[in-house]
Amino acid sequence: MTTRGKTSAATKVPAAVLPVASVMVDVPLPHLDRPFEYLVPASLDDAVRPGTRVRVRFAGRLVDGFVLQRRDVSDHAGKLAYLERAVGEPVLTPETTTLFRAVADRWAGSFVDVVRLGVPPRHAVAESQVAPAAAPPVDAAAAHGWGSYRAGESFLAAVAEGRPARAVWSAAPGEDWPQRTAEGVHAALAGGRGAVVVVPDARDLARLDLALTSRLGPGRHVALSADLGPAERYRRWLAAKRGTVKAVIGTRAAAYAPVQALGLLAIWDEGDDLHDEPRAPYANARDVLVLRSALTGAALLVGGFARSAEAQALVAAGWAHDLVAGRETVRHVGPRVGATGDDAELARDPAAAAARLPSLAWRTAKAALSEGAPVLVQVPRRGYVPSLACVRDRTPARCSACAGPLAASGQNATPACRWCGRPAADWACPSCGGHRMRAVVVGAGRTAEELGRAFPGATVRTSGGDRVLATVPGEPALVVATPGAEPVAEGGYGAALLLDGWALLSRADLRAGEETLRRWMNAAALVRPHGRVIVGADASIPAVQALIRWDPVGAATRELGERDTLDFPPASRMAAVSGPPAAVGDLVRSADLPPSAEVIGPVPSGPETERLLLRVPRADGAALAAAVKVASSGRSARKAADAVRVVFDPRELI
DNA sequence: ATAATAACGAGA
DNA sequence: CTCGTTATTATC
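When the letters of the first sequence are read in order and numbered with the numbering used here, they come out as residues 594 to 1247.
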């Protein structure tokens, strides 16, 4: 028998033991999302193990596949084909195999869809390189900073001992979260177990990377992110799979990292929409880690300055416990928050008035600058929401009550003030008396320029879009940043002005309040203890109240209560089914939905498409996913023409 | 995609 | 009833 090249069929013999391999084939059709059995030729006996990537002939063509297991007998009544080829070392572990199946089932997707997210493309050169020896065991965790959290100490102890502690962590303002997270990872490693940490973006990843290196030394962890080249990505991923490193940090796909003997799963800024995977089956990284924690018994840390209703639901169900700083700590380290709704007067300084700065904001920033501290100014993303101006002479349209900028939330909606929310029904241009307005885009660039004039002599730095600053020095400067791009200031900011309140809050989005508070808290957390935060909104708004009191738990509890009342996720589970009307109707009609299912819609969602919502009580979520999966399998089996997209608990519900 | 197979219809 | 063609369906 030849061992290289093509082996002729006549000479092939099955492996002596466990000659059958059950294989998941890499084809996207949902009705083929089940194992197929192949004979392992004796020549591939050593290479074909559980988790091995293989090439198989499937319906006449060569496709990739993944070996689930080797068996001694076949379940298949017909004749088995031989595996054509084995490709490299195993890429699935028993644990990730279970995880991929569970994620596929929960989000009504297929196994190989999830494998594509969790297993990077193979890079043969990276695989053949000699792996460095595994690092020696990690010393027991040294001093840590979890003492200011009730139950912080015991959570860390549980992680070190390998107990399945699960916590939702609302970090205190100003918290050095990369350091706290590194301490959690340290506890897991010191206990002889592994850890996975997911963060929203590359900037957070860089901070955590630094904190872990300083805590554990080099070579203890790898960072996985989308911007790595294929070779480096596969090399780092392999280091985790081979057990050379026991800690993996990264952006959302790292939730699937093949770390053995998991001791801790953690996610930072869990409410960030960057944790939503944009590829099928659209699983959110927080929810993947929750599932993985349940499957493995690994400890779970769901963290952020703010808290989502989804995270609060874990606490409310008694599944996870609270990890929050006491009021005393928050008072000690938190900023002082004021709202311009309390003092809506526009700054008298003409330059500040031109920059549309309320008096309180201007005075606060001026004081911080004169104390030698940087000031953070959070502004809406460019084009995020258009402001309005006079159609004739382009004079900015301002609120008659507080002089805040006016904006229209929809095509024919009455314009309203972005600061105080008052509708401006009978607006008149102060310079020409005209009554008609048009949209103008005011972005970070224009704001920076105007702010510069309002504070003569001050340095102005901008961070946002494709030019994001990681840090700024602890010297007086105005730092204009869009949400999510706020640089960390050395020693903390003296003050922060949050000027995008109404842009965020006026969106017709279920999560507008929650998302606004999250962005505010992320910015306010960068302010030094007792620094000032001025928020451009009315103090009576619940999100503003939660910021003033620094009460992420209260806000999340209220948000969860509202979702409960409205029967929205996470109180219920919903599936958004979208596609051409005929296809959507066909899928929903053919689905054997649980009796509790409620069909909402359909409504038009695009030029040729419509969207329909299916809603069930949380307990029937698995049944809904299964029914949708069976129905879409049926459609793909009978070659139904148009594909439909199914997204569970979509972020955009309206 | 492709091969096996079921279904169908024309001509003997 | 057979042969050749087309529609269907399973894909190991």
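Rather than coming from a laboratory, the hints here were simulated on the basis of the structure.
The beta carbon of each residue, even a glycine, is placed where N, CA and C say it ideally should be.
Warning: the hint list may mix true and false statements.
[Said to hold, decoys possible] Label-pair distances were calculated between CB atoms; the ranges are:
1. LYS672 to PRO871: 40 to 46 Å
2. GLU1201 to GLU1245: 53 to 59 Å
3. GLU1245 to GLY911: 28 to 34 Å
For this session: Could you check the structure against the hints above and give me the numbers of any it violates, in ascending order?
Result: 2
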